[in-house]
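*Asks:* One-letter residues, chain by chain:
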Amino acid sequence: GQQLNQSPQSMFIQEGEDVSMNCTSSSIFNTWLWYKQEPGEGPVLLIALYKAGELTSNGRLTAQFGITRKDSFLNISASIPSDVGIYFCAGVNYGGATNKLIFGTGTLLAVQP
Amino acid sequence: DTGVSQDPRHKITKRGQNVTFRCDPISEHNRLYWYRQTLGQGPEFLTYFQNEAQLEKSRLLSDRFSAERPKGSFSTLEIQRTEQGDSAMYLCASSLGRGKGTEAFFGQGTRLTVV
Chain A
22 GQQLNQSPQS MFIQEGEDVS MNCTSSSIFN TWLWYKQEPG EGPVLLIALY
72 KAGELTSNGR LTAQFGITRK DSFLNISASI PSDVGIYFCA GVNYGGATNK
122 LIFGTGTLLA VQP
Chain B
158 DTGVSQDPRH KITKRGQNVT FRCDPISEHN RLYWYRQTLG QGPEFLTYFQ
208 NEAQLEKSRL LSDRFSAERP KGSFSTLEIQ RTEQGDSAMY LCASSLGRGK
258 GTEAFFGQGT RLTVV
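As they're listed, the protein sequences go chains A and B.
Just so you know, we're using the working numbering here: the first sequence kicks off at 22 and counts up by one.
Just so you know, we're using the working numbering here: the second sequence kicks off at 158 and counts up by one.
Hints are computed from structural coordinates only; laboratory data are not their basis.
There could be a bad hint or two in this list.
Derived SDA-like pairs: lysine to any residue, alpha-carbon spacing no greater than 20 Å straight-line [unchecked claim]:
1. Lys-214/B <-> Ser-230/B
2. Lys-72/A <-> Glu-260/B
3. Lys-228/B <-> Gly-254/B
4. Lys-214/B <-> Glu-201/B
5. Lys-57/A <-> Ala-245/B
6. Lys-91/A <-> Glu-75/A
7. Lys-214/B <-> Gln-23/A
8. Lys-72/A <-> Leu-253/B
9. Lys-72/A <-> Thr-259/B
10. Lys-57/A <-> Arg-268/B
11. Lys-72/A <-> Asn-43/A
12. Lys-171/B <-> Ser-219/B
13. Lys-214/B <-> Asn-120/A
14. Lys-57/A <-> Leu-196/B
15. Lys-72/A <-> Gly-116/A
16. Lys-57/A <-> Phe-262/B
17. Lys-214/B <-> Gln-24/A
18. Lys-57/A <-> Ser-162/B
19. Lys-72/A <-> Gln-133/A
20. Lys-214/B <-> Gly-116/A
21. Lys-57/A <-> Gln-198/B
22. Lys-57/A <-> Arg-166/B
23. Lys-57/A <-> Thr-195/B
24. Lys-214/B <-> His-167/B
25. Lys-57/A <-> Lys-168/B
26. Lys-214/B <-> Tyr-115/A
27. Lys-57/A <-> Lys-214/B
28. Lys-228/B <-> Asn-187/B
29. Lys-168/B <-> Gly-61/A
30. Lys-91/A <-> Lys-228/B
31. Lys-57/A <-> Gly-160/B
32. Lys-57/A <-> Gln-265/B
33. Lys-168/B <-> Glu-62/A
Taking the hints into account, I'd like the entire structure generated from these sequences.
*Replies:* Quick look at the structure:
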């Protein structure tokens, strides 16, 4: 099935560092969602974006909806060990022909205390 | 009601057996999704319900797979004659389906192992 491109594929950082990851698509979306998944669990919603150019924060997390509507970015500031997990983006076109979420390939984040 | 609930959490079955998974969405969420996730991959869409109507099915959903949401509340996903390639995490999600209630919330998943 279709998957969006996420980069980097993995990141190994020290506690306290800032993290940036992005997600790109060949098609446009009207909603972008960012999820975090830990081993053996379902994805947990972090941030939802609804307008091109929108910048939204949730604590140390900040995400942006790209102007072209084909990309999105997630930043984590001052990382801590509990940030470890796989981060997925998902694009959606609610109200269109389909309402399914198309997921990215994921970014694995490891944080060294 | 604190979230999407899936049952069972884990299922081990022999090849050729049938399995059924259940998903209870968040109350009043009229959209329900099923996804499949294999190791190292993002979730892949299987099917989607608006209330009791199944509005879209992925080509990943072979004839051996069937999903129902009879009363627009809980949903079941059945896999008949399981194959080793069916081994995966099966995820269910629900959303309100309107306005900013369009965010999808996932359950903890059902891990299926076919031996």
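*Asks:* Each hint should be assessed against the structure and marked as holding or not.
*Replies:* Structure-based check of all given hints:
1. Lys-214/B <-> Ser-230/B: holds (18 Å)
2. Lys-72/A <-> Glu-260/B: holds (14 Å)
3. Lys-228/B <-> Gly-254/B: Roughly 17 Å separates the two Cα atoms, so the pair holds.
4. Lys-214/B <-> Glu-201/B: It holds: about 12 Å lies between the C-alpha atoms, which stays within 20 Å.
5. Lys-57/A <-> Ala-245/B: At roughly 18 Å apart (the allowed maximum being 20 Å), Ala-245/B and Lys-57/A satisfy the hint.
6. Lys-91/A <-> Glu-75/A: holds (13 Å)
7. Lys-214/B <-> Gln-23/A: Holds, at about 14 Å.
8. Lys-72/A <-> Leu-253/B: Given pair Lys-72/A, Leu-253/B holds - Cα atoms ~19 Å apart, limit 20 Å.
9. Lys-72/A <-> Thr-259/B: holds (14 Å)
10. Lys-57/A <-> Arg-268/B: holds (18 Å)
11. Lys-72/A <-> Asn-43/A: Holds, because 17 Å separates the two Cα atoms, which is no more than 20 Å.
12. Lys-171/B <-> Ser-219/B: Holds, at about 19 Å.
13. Lys-214/B <-> Asn-120/A: holds (12 Å)
14. Lys-57/A <-> Leu-196/B: holds (15 Å)
15. Lys-72/A <-> Gly-116/A: holds (15 Å)
16. Lys-57/A <-> Phe-262/B: holds (12 Å)
17. Lys-214/B <-> Gln-24/A: holds (16 Å)
18. Lys-57/A <-> Ser-162/B: holds (18 Å)
19. Lys-72/A <-> Gln-133/A: violated (35 Å)
20. Lys-214/B <-> Gly-116/A: With a Cα-Cα distance of about 17 Å, the restraint between Lys-214/B and Gly-116/A holds, given a limit of 20 Å.
21. Lys-57/A <-> Gln-198/B: holds (13 Å)
22. Lys-57/A <-> Arg-166/B: holds (19 Å)
23. Lys-57/A <-> Thr-195/B: holds (16 Å)
24. Lys-214/B <-> His-167/B: Violated, at about 24 Å.
25. Lys-57/A <-> Lys-168/B: violated (24 Å)
26. Lys-214/B <-> Tyr-115/A: Roughly 16 Å between the alpha carbons, so the hint for Lys-214/B and Tyr-115/A holds.
27. Lys-57/A <-> Lys-214/B: Distance ~25 Å between Lys-57/A and Lys-214/B Cα, so the pair is violated.
28. Lys-228/B <-> Asn-187/B: It holds: about 11 Å lies between the C-alpha atoms, which stays within 20 Å.
29. Lys-168/B <-> Gly-61/A: holds (13 Å)
30. Lys-91/A <-> Lys-228/B: Distance of about 37 Å is beyond 20 Å: violated.
31. Lys-57/A <-> Gly-160/B: holds (16 Å)
32. Lys-57/A <-> Gln-265/B: holds (12 Å)
33. Lys-168/B <-> Glu-62/A: holds (15 Å)
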